[in-house]
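Engineer: Protein sequence lines correspond, in order, to chains A and B.
Take this note's numbering: the last position of the first sequence gets the number 781, and nothing is skipped along the way.
Take this note's numbering: the last position of the second sequence gets the number 781, and nothing is skipped along the way.
Chain copies aren't distinguished; within one or between two, either way the pair holds.
Taking lysine to aspartate or glutamate and the DMTMM-like style, the derived pairs with C-alpha atoms no more than 20 Å apart in a straight line are:
1. K706 to E717
2. K614 to E752
3. K564 to E587
4. K731 to E719
No lab work stands behind these hints, which were simulated from the structure alone.
Number of protein chains: 2
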Amino acid sequence: MDTCPNPVIILVNPQLGENIGTAARAMYNGGLTQLRLVRPKMGWPNPHAIQPAAGALSVLQNVEVFETVAEAIADLQGVFATTARTRDMAKPVHTPRQAAAAMHARHAQQERIGILFGPERTGLHNEDLSFADTLITVPLNPAYTSLNLAQAVLLIAYEWFQLTQQAAEVTAQLHAEHILAPKEELLGLFQHLEGELDRSGFLRVAHKRPTMVRNLRNIFLRASLNAQEVRTLRGVISDLVAPYYGDRSGQSPQNPAE
Amino acid sequence: MDTCPNPVIILVNPQLGENIGTAARAMYNGGLTQLRLVRPKMGWPNPHAIQPAAGALSVLQNVEVFETVAEAIADLQGVFATTARTRDMAKPVHTPRQAAAAMHARHAQQERIGILFGPERTGLHNEDLSFADTLITVPLNPAYTSLNLAQAVLLIAYEWFQLTQQAAEVTAQLHAEHILAPKEELLGLFQHLEGELDRSGFLRVAHKRPTMVRNLRNIFLRASLNAQEVRTLRGVISDLVAPYYGDRSGQSPQNPAE
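Chain A with its partners taken away, still in its complex shape (with noise of 0.2 Å):
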């Protein structure tokens, strides 16, 4: 079965060319790639709309406009719409997290998902709403919840990203690239500083040593050191003690200790 395409962004009455370009970006940098405009105040196409949309421009080119949200939502199964105002509508309310889940559900067994949004001013009217399935409000700060059309877009194209395939494939590489030694090479730091610190008196009360070796190694420890970190501190031991060696020539051994 072919794979289900993925949800539509639904502009209705958008005000101003700039705004459909910018959302263009922000429903693109979720990796969403349909837009349809309902009634566009401007008309399209809107030379203001390409230069907002500076590398999303694949995103403009395929745009359908329609004269009415019942048109514009006619072949899709599920549609949500976004809004602040969901007082006395009687939908389930969804944050975008929530809705996130809920599309990817319902994209999952082949439903064709539409995300309506209002313009810019005024947002959704109340007829509008009432084509929809289920209501997105975005949790924000009370005393300012105010967003502009983009940035409702990219919250939700957003939130639709993070439950993407692709986007545990960039999560899982962005920790790989940070990869700790192995603890072998840790612990060959230890002996090599404990060495060198051994033979120069620093730990030479008995007694004290295990305390102030475990806290030596705790700061290495919690360093979370990579592999290249263990060989740079190793040359720096290996620099500090090389006078000791009777190498004055700044060209240290690098690991004398081993």
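Add chain B to chain A, keeping to what the hints say.
Structural biologist: Frame of chain A; chain B shown alone:
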């Protein structure tokens, strides 16, 4: 003990006043109010910041300006830095969601946190990143990861806010607004409808009656009706059957089956 202040947003070398204004709005959306600027390119105060910060002027009024990143973070215990370049930095990399959890944990231990954002075009330089404990990268569509400054601030502030008590209250309130009808009222609706359908003969085939009743009930169960909707539907039924009861005035009894 005093409550620890919320995380500080630190914009390093922001280019345009407009972007400082929109960043102020975005952070305030997430309940963050402390903004620091390091060497803003056009100086500070900047009149171009005011209009774009509409509604979040209180954030602008308390801006602190610093000459260096080192000075801007001097009083903080935790420093996070947003960047798309995480390779070879040998620091933990968090998604915004992971970072929000980490920031809340540290905030709960009375640590003061700051989050660094770089200039619009270039992002943070490696030297700025060197001040951070933890890097933050937003998992986004690999084909299009570009975010503007205010959007980057919004996603971090949004994730911070989602873990606050206030967000929990907002979310609970959203869901509280959709209170389903008590089952007693729903059963009253079923009884009313089925009573009238028994009378009209719609349910006359005895062996089909249980299935037909079950299907009808499922429709209204799935509809997740609230109390007002149950009353509306009972009104609809009463109105439809009014002629049978000899009422042709349109003044049908509300609940003839009771």
